[in-house]
Amino acid sequence: MSVSGVPQTGPMATAGALRISHSPLRGQNVVGYSLLLIVILSLVAYYVGRGSARRFAGAAGGDKIHSLPGYHGAFIAVWVGIPAFVLVLLWASFQGAILDSLIVSSLPSAFTEGKSPAELNLVLSEIRNLASGRAFGAPAPEVEAAAARLVSWQHIASWAMVVVAATMMLLVLVYARTRIAPRFRARNNVERVLSGLMVFCSVVAILTTVGIIVSLLYESIAFFRLVPLHEFLFGLKWEPQIALRADQVAGAGAFGAIPVFTGTLLISVIALAVAIPIGLLTAIFLVEYADDRVRNVVKPIMEILAGIPTVVFGFFAVLTVAPAIREAGGLMGIATSPNSALAAGFVMGIMIIPFISSLSDDALRAVPRSMRDGSLAMGATPAETMTKVMLPAALPGIMGGILLAASRAIGETMIVVMAAGLIATLTLNPMDSVTTVTVQIVTLLIGDTSFDSPKTLAAFALGLVLFIVTLGLNVLALQIVKKYREQYE
Amino acid sequence: MSDTALAGPVDWTSQQAAGRRRSRHAANRRLQFYGIAAISTAIGLLGLLITTLVIGGYPAFLQTKITLDFPIKAEYVDAANPAGGNYRAVVRDALLGIAPEATTPPQQRLLGQLLTNNTQFFVRDAVVANPSVIGGTLTLTVPASDPIDQLNKGLIDRDLPENQRRVNDVQLGFYDRLVAENRVSAPFNWALFFNADSRFPELAGLAGAITGSFYALLVCFLISFPVGIAAAIYLEEFAPRNRWTYLIEVNINNLAAVPSIVFGLLGLAVFIQVFGIPRSAPLAGGMVLALMTLPTMIIVTRASLKAIPPSIREGALGVGASKHQVIMHHVLPLALPGILTGTIIGLAQALGETAPLLLVGMNAFITSPPGGILEASTALPTQIFIWADSPERGFTSRTSAAILVLLAFLVVMNGIAIFLRQRLERRW
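The listed protein sequences derive, respectively, from chains X and E.
Quick note on numbering: the first sequence equals residues 1 to 489 in the working numbering.
Quick note on numbering: the second sequence equals residues 1 to 428 in the working numbering.
No lab work stands behind these hints: they were computed from the structure.
Fair warning: there could be bad hints in the mix.
Claimed, not checked - Listed next, the in silico DMTMM-like pairs over lysine to aspartate or glutamate satisfying Cα-Cα at most 25 Å (straight line):
hint: 1; chain 1: E; residue 1: Lys323; chain 2: E; residue 2: Glu425
hint: 2; chain 1: E; residue 1: Lys306; chain 2: X; residue 2: Asp362
hint: 3; chain 1: X; residue 1: Lys482; chain 2: E; residue 2: Glu236
hint: 4; chain 1: E; residue 1: Lys73; chain 2: E; residue 2: Glu101
hint: 5; chain 1: E; residue 1: Lys323; chain 2: X; residue 2: Glu191
Put together the whole structure using the sequences plus the hints.
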């Protein structure tokens with residue numbers, strides 16, 4: 001029931017929001033209006049350009065017009081719209097950060113004197129909250145004054161953005177309009193702009209990778225300044241939550257990630273132990289024994305299995321598989337943890353089955369038909385053909401598939417977040433509860449994310465390890481496939 | 001094979017030869033059997049998964065409701081200010097109407113626990129909507145509380161000893177009286193779709209999550225669709241074959257294999273920390289999902305472009321179109337059905353993605369649907385995660401129901417994609 005109508009975020013979310021949000025909603029609305037303005041002015045520009053080009057085209061005895069009128073319109077529209085769009089995006093992205101630094105420097109020096117950066121940050125978030133209308137307790141008069149300043153500055157900055165963008169668009173519109181002439185190469189110009197845009201879009205992929213690497217490295221380096229690298233990689237004790245409560249740099253051993261790595265490995269190995277036999281045998285059956293009718297039924301079912309969101313598998317693990325394994329363990333007299341590695345690994349294995357079966361299927365099908373026919377013609381049974389001819393020939397592809405599946409298993413998050421444990425125990429017992437890299441990332445980052453505590457930064461260090469390992473597995477898989485595949489072609 | 005060089009002619013009809021043949025054929029049958037067993041296991045596990053979800057989830061599509069007569073006395077509710085009345089007392093009176101013997105406060109508390117905690121607000125809203133009932137009697141159907149809901153659906157065993165049951169004997173008596181008076185009903189649970197999240201299972205619904213997922217997918221689509229198509233056109237039609245292009249292609253393939261949670265870390269560090277997008281906003285979630293969907297979009301679009309025969313391009317070039325015109329006027333329109341199919345499949349994947357949304361904070365407890373892409377919100381998969389973590393029993397079946405809703409969305413989206421592929425795709 002939304003009795004109040006105001007979104008009520010939980011305590012965890014609010015704590016995070018206080019630290020991080022830069023701009024209040026009002027400023028963002030102005031961004032929306034600016035974007036609308038850009039669209040409208042671009043449309044106006046298009047019709048202006050097209051209209052004047054049509055007049056040339058219609059004028060008798062004039063020069064032959066180079067580009068179609070539409071291109072003249074598009075020429076003005078892209079030069080009006082795109083720079084303004086970039087300006088608004090950049091302005092909106094950096095306005096908050098710039099205003100923050102301005103506000104901090106505007107605080108009276110008597111007030112800021114002797115305050116650490118962390119305390120200043122706290123003051124800043126208090127000012128921001130006050131400015132967006134959320135007051136907690138009685139703020140200091142300096143803070144109140146700063147909040148009032150922030151509100152008025154935000155107002156000024158937002159409207160300045162609109163005014164600057166509108167002025168720029170109008171100037172460009174007038175200037176570009178003067179460029180239009182019958183022999184003006186509007187089409188070539190527009191096409192160059194479009195090509196540039198397309199190059200930019202394809203560079204987004206690289207920017208994403210760079211963004212991932214830079215953000216992971218940046219936070220990880222901050223983490224390794226607090227906790228030495230060798231301690232993180234080789235330490236045997238992982239107790240990140242204690243570090244925050246003690247409110248100081250973690251003591252020795254609290255950030256040793258070995259138990260987390262072994263836990264990840266244990267669960268992934270269980271998952272692969274479930275998925276490889278089932279997936280591979282499924283592929284063998286589909287390639288060698290099944291007729292089209294069976295294949296047309298089984299393949300879609302495997303696709304359904306592949307399309308189920310992982311959060312669903314996680315719920316299945318918690319609700320059905322973990323209690324069942326616990327019961328079974330109890331019957332056999334084995335002490336089983338309620339969130340055993342076996343439950344999480346087993347369900348993760350189910351998730352990976354379609355992955356392995358379809359990649360093995362592809363690899364087996366890529367084996368030249370003549371090899372299979374030759375073997376069968378020599379009198380080998382289908383099973384012998386499969387195990388002695390097809391599987392060895394397809395092995396690189398299958399290995400590649402298994403490596404890809406392993407990288408999936410290591411990076412899988414929701415199943416383990418829901419079904420695996422939170423406490424890092426150094427064990428290889430599948431009935432015990434272990435934790436994984438992804439579980440730790442999620443638990444460390446859900447809730448309060450203050451970016452100067454080792455607890456939060458540790459998540460980025462784990463993320464970096466995860467990124468490197470999965471990337472390495474993928475590259476290795478591609479290399480294996482590439483290196484050994486050509487043998488038969 | 002040299003090691004099995006034969007000394008003389010083989011007697012293929014001998015006992016030994018027949019035995020060898022039998023064992024080889026048995027090995028063949030064994031492998032076939034293993035294959036069948038593997039497939040049956042996989043299908044069986046999928047069946048088990050869906051069966052548990054359906055069995056666990058279908059009760060949540062019905063909601064036990066209780067119809068009561070609420071005497072709206074003028075002493076509690078002022079006609080001039082109906083919103084400010086003492087509705088707690090009104091609800092108490094209504095309950096006393098069916099159980100007059102509950103005079104002590106503990107008994108009244110047990111009685112009150114039959115109804116949802118927010119009953120007084122339901123009554124208030126009904127009175128505010130229709131102030132003429134003040135002084136008269138209002139007959140209203142309100143949701144039952146979670147334990148009564150479970151009891152009515154047969155999920156609580158009445159024969160258990162009282163101390164192991166979530167409904168005690170006194171409440172059981174009250175409940176039986178309500179049933180006898182025909183006041184208990186279990187209609188379809190529309191609240192599951194039209195209510196936002198709530199602490200009380202009987203009131204919790206998916207409206208906020210569905211709206212949040214819609215906004216996030218909208219942002220994801222608005223970014224990944226144009227960027228993906230533009231990148232694919234460039235790489236497929238314009239890019240020179242050089243090291244730079246190769247680098248981009250390797251990058252796209254690697255991005256497709258990066259774990260989703262790493263994208264969440266990127267979103268947290270860049271979109272929220274640097275760009276200052278509010279935490280929990282569908283804008284941040286949608287941007288992260290867009291980056292994840294981008295490789296899929298590019299790969300699918302390139303495949304569709306590749307499938308257009310070169311004769312189309314050559315024909316258009318031959319009549320004097322520029323390269324851009326060939327692509328914009330001829331190739332792209334012909335490739336569009338394939339691109340749309342791929343887009344829908346990519347969006348369906350994005351809809352089920354959970355981990356990156358957790359990191360950008362779309363797992364907050366929010367009791368009203370978001371009004372825009374900047375308001376804090378949850379999404380369908382994160383709502384499932386929140387409910388799966390909630391201790392109340394009622395949330396278990398709600399979780400299954402929410403999963404069924406999510407799967408229904410996925411089935412519909414994939415169905416549309418398959419339909420489009422079959423109807424619109426042209427074979428050359």
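Evaluation of the provided hints:
Of the supplied pair hints, the one linking Lys323 (chain E) and Glu425 (chain E) holds, its CA atoms being roughly 24 Å apart against a limit of 25 Å. Proximity of Lys306 (chain E) to Asp362 (chain X) is assessed by CA-CA distance (about 21 Å); at most 25 Å being required, the pair is judged to hold. Restraint check for Lys482 (chain X) and Glu236 (chain E): the C-alpha separation of about 22 Å stays at or below 25 Å, so the hint holds. With a C-alpha separation of about 21 Å, the suggested pair Lys73 (chain E) and Glu101 (chain E) falls inside the 25 Å cut-off, and the hint holds.
Simply put, Lys323 (chain E) and Glu191 (chain X) have alpha-carbon atoms about 9 Å apart, close enough for the 25 Å limit, and the pair holds.
Of the hints listed earlier, there is not a single one the structure fails to meet.
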